[in-house]
Amino acid sequence: MNKKVKGKITTALFVIPSLFVFINVVIIPFIMGTVYSFTNWDGFAFKGSSFVGFKNYSDSFGDGKFLSSFWLTTKYTIAMIILVNIIGLSLAILVTSKIKYKNFFRGVYFVPNLIGGLVLGFIWQFIFTKLFQSIGEMTHTSKIFFNWLNDPTMAFWALVIVGVWQMSGYVMIIYIASIQSISEEVLEAADIDGANKWSIFKNITLPLIAPGFTISLFITLSNAFKQYDTNLSLTNGGPYGKTELITMNIFQTAFSSNKYAQAQAKAIMFFLVIMVITIIQIYITKKREVEM
Amino acid sequence: MNEKVKGKGKSKSPKIIVILGFIVAAITLFPMYIMVVNSFKGREQIFTDTLGLPKSLDFSYYLAAINKMNFFQALFNSLTVTIISTVIIVVLSSMTAWALVRSSSKIADIILMIFIVTMLIPFQSVMIPLMQYMNSWDISSINFSMINTFYGLIFMNVGFGSSLAIFLYHGFIKGVPRSLEEAAMIDGCNKFQIFWKIVFPTLKPVTATVAILNVIGIWNDYLLPSLVLRDPNLRTIPLATFYFFGEFTIQWNMAMAGLVLTILPVIIFYLFSQKYIIKGFMAGAIK
Chain D
1 MNKKVKGKIT
11 TALFVIPSLF
21 VFINVVIIPF
31 IMGTVYSFTN
41 WDGFAFKGSS
51 FVGFKNYSDS
61 FGDGKFLSSF
71 WLTTKYTIAM
81 IILVNIIGLS
91 LAILVTSKIK
101 YKNFFRGVYF
111 VPNLIGGLVL
121 GFIWQFIFTK
131 LFQSIGEMTH
141 TSKIFFNWLN
151 DPTMAFWALV
161 IVGVWQMSGY
171 VMIIYIASIQ
181 SISEEVLEAA
191 DIDGANKWSI
201 FKNITLPLIA
211 PGFTISLFIT
221 LSNAFKQYDT
231 NLSLTNGGPY
241 GKTELITMNI
251 FQTAFSSNKY
261 AQAQAKAIMF
271 FLVIMVITII
281 QIYITKKREV
291 EM
Chain C
1 MNEKVKGKGK
11 SKSPKIIVIL
21 GFIVAAITLF
31 PMYIMVVNSF
41 KGREQIFTDT
51 LGLPKSLDFS
61 YYLAAINKMN
71 FFQALFNSLT
81 VTIISTVIIV
91 VLSSMTAWAL
101 VRSSSKIADI
111 ILMIFIVTML
121 IPFQSVMIPL
131 MQYMNSWDIS
141 SINFSMINTF
151 YGLIFMNVGF
161 GSSLAIFLYH
171 GFIKGVPRSL
181 EEAAMIDGCN
191 KFQIFWKIVF
201 PTLKPVTATV
211 AILNVIGIWN
221 DYLLPSLVLR
231 DPNLRTIPLA
241 TFYFFGEFTI
251 QWNMAMAGLV
261 LTILPVIIFY
271 LFSQKYIIKG
281 FMAGAIK
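Taken in order, these protein sequences are the chains called D and C. Each residue of the first sequence is one higher than the one before, starting from 1 at the first, in the numbering used here. Each residue of the second sequence is one higher than the one before, starting from 1 at the first, in the numbering used here.
Worth double-checking, as some hints may not be accurate.
Only pairs whose alpha carbons sit at most 27 Å apart, straight line, appear in this in silico DSSO-like list of lysine-lysine [said to hold, decoys possible]:
hint, chain 1, residue 1, chain 2, residue 2
1, D, K287, C, K174
2, C, K275, D, K98
3, D, K286, C, K279
4, C, K174, D, K8
5, C, K197, D, K8
Just so you know, the hints here were simulated from the structure itself, not pulled from any lab data. Nothing here was measured: the structure is a model prediction, and the numbers come from that model.
Construct all of the structure, not just a fragment, from the sequences and the given hints.
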């Protein structure tokens with residue numbers, strides 16, 4: 001009995017420190033935030049705030065800027081999913097083929113992923129503004145090469161390009177892991193049987209990297225959806241607020257417009273979207289595991 | 001016929017692939033090239049010849065950037081916050097995960113579930129109330145404040161970093177056999193000794209993964225420190241870069257020099273531990 005109690009106390013001593021920090025940094029603010037989103041909280045003391053029901057939520061849906069940044073974020077996310085996965089998979093195939101320098105290539109392709117989004121955005125800001133302008137003037141191609149960040153459509157694609165440039169190396173790593181899990185024997189057997197490269201890729205490699213595909217898809221999805229740093233440093237929402245992604249809209253609503261409760265309602269909706277996406281992912285992964 | 005086609009493919013295609021590989025590598029490194037060459041150029045050459053090599057290696061913009069960014073202070077701040085946060089995350093999360101794996105109680109399962117489920121709460125969903133809540137942890141008589149202090153930021157870094165770390169450690173420890181621990185128990189070691197002398201050394205691979213993911217994540221983090229730190233002397237490297245850019249956008253050579261300085265520590269770290277970093281990211285993503 002005594003020993004059992006002692007064991008429980010030591011277990012508690014091992015668990016309580018991280019639990020304490022975690023509860024105070026994530027759980028309590030999350031609960032507070034959920035409650036605040038139904039009130040007219042002004043960002044300072046909660047005392048004196050009153051409940052307003054779903055007003056902040058309906059106000060958010062009446063906020064054209066919020067809706068357009070939600071739509072923009074969706075477009076950004078779709079573009080990212082498609083491009084990052086095509087490029088990431090191609091890079092993975094490239095560096096797992098039997099060629100010289102493949103380790104060097106792998107090392108280089110991963111580099112952008114190490115640099116923070118904020119810094120990346122600043123480097124590319126120089127490229128899209130100054131470099132593009134000077135190329136356009138020198139080669140008389142100013143129809144293609146001009147200051148992209150002054151044009152809403154091109155500024156959006158600038159965000160996509162930087163995102164793709166950063167994330168492809170990461171997704172490549174995931175695909176490398178799944179390609180390497182395919183056994184050599186299966187591939188050799190197919191080769192001996194006279195299957196050509198395309199049919200080997202289509203019939204063996206592709207189905208076997210499907211789990212890697214699910215992971216990459218959702219990592220790209222959630223990273224693109226949460227994008228903030230590059231948005232801030234590359235376009236800062238401009239021109240004319242046309243490239244404001246959802247996280248920036250939440251931030252602006254709170255800290256620039258001082259509508260704290262409404263910003264929190266948006267933040268909760270943002271969480272719900274992420275949650276639904278994740279549940280779908282888990283469902284798909286589980287279903288596949290059963291099938292296999 | 002078939003053989004011929006195959007033979008041809010084997011001798012020819014790798015060369016094309018290698019060339020393709022170099023082209024992609026060049027595209028990947030192109031922004032770094034632009035950044036480095038323009039950090040040495042005078043005002044005039046930046047606008048007339050953005051692509052070319054600089055006429056001379058003029059380090060004056062670096063000196064100016066170091067001064068204006070207060071670079072060494074920011075470097076010291078970033079190192080302090082990153083290293084201490086990561087060490088605490090490793091220590092606390094590994095202990096917690098081990099205790100949770102080895103405990104048979106229902107509460108342990110519930111605690112683990114809470115850590116895992118809440119991993120999907122995005123930072124932006126808690127940042128606003130978090131700042132208000134942390135602001136209220138203020139004891140002015142002893143100068144204790146979570147806002148505008150390193151320990152406050154480190155505390156929050158640990159909170160945000162611990163669930164993934166616990167999840168990764170938990171997955172690994174499940175596969176570690178109990179027998180050694182039991183032998184040590186018979187020898188009269190207490191749980192702390194068992195954990196630190198016997199269990200922790202066997203966790204090296206996950207510890208490397210957890211440490212690398214956190215070092216890179218915390219080092220590059222902008223949003224949380226931007227909300228927590230207000231004193232310019234406390235700015236970490238991403239914060240220093242942000243304010244530096246806000247003030248000096250027009251002087252591109254100095255701005256590029258500042259960015260090179262910002263990236264340099266990461267690249268040096270990468271050159272020395274590339275293998276572990278790539279492995280760490282692989283393990284972190286696939287789980």
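Practice task
Would you mind confirming whether the straight-line C-alpha gap from C/K197 to D/K8 stays at or under 27 Å?
Solution key: OK: C/K197 and D/K8 at ~21 Å, within 27 Å.
Problem - 27 Å limit on alpha-carbon distance, applied to hinted pair D/K286 and C/K279 - result: Roughly 25 Å separates the two Cα atoms, so the pair holds.
Practice task
Quickly compare the C-alpha distance for C/K174 and D/K8 to 27 Å and report which way the hint goes.
Solution key: holds (19 Å)
Practice task
Quickly compare the C-alpha distance for C/K275 and D/K98 to 27 Å and report which way the hint goes.
Solution key: Within the cut-off at roughly 19 Å; holds.
Exercise for the section: For the pair supplied as a hint, D/K287 and C/K174, confirm whether the alpha-carbon distance does not exceed 27 Å. Expected result: Satisfied, since the Cα-Cα distance of roughly 24 Å is no more than 27 Å.
Consistency with the previously given hints is maintained throughout, with no hint failing.
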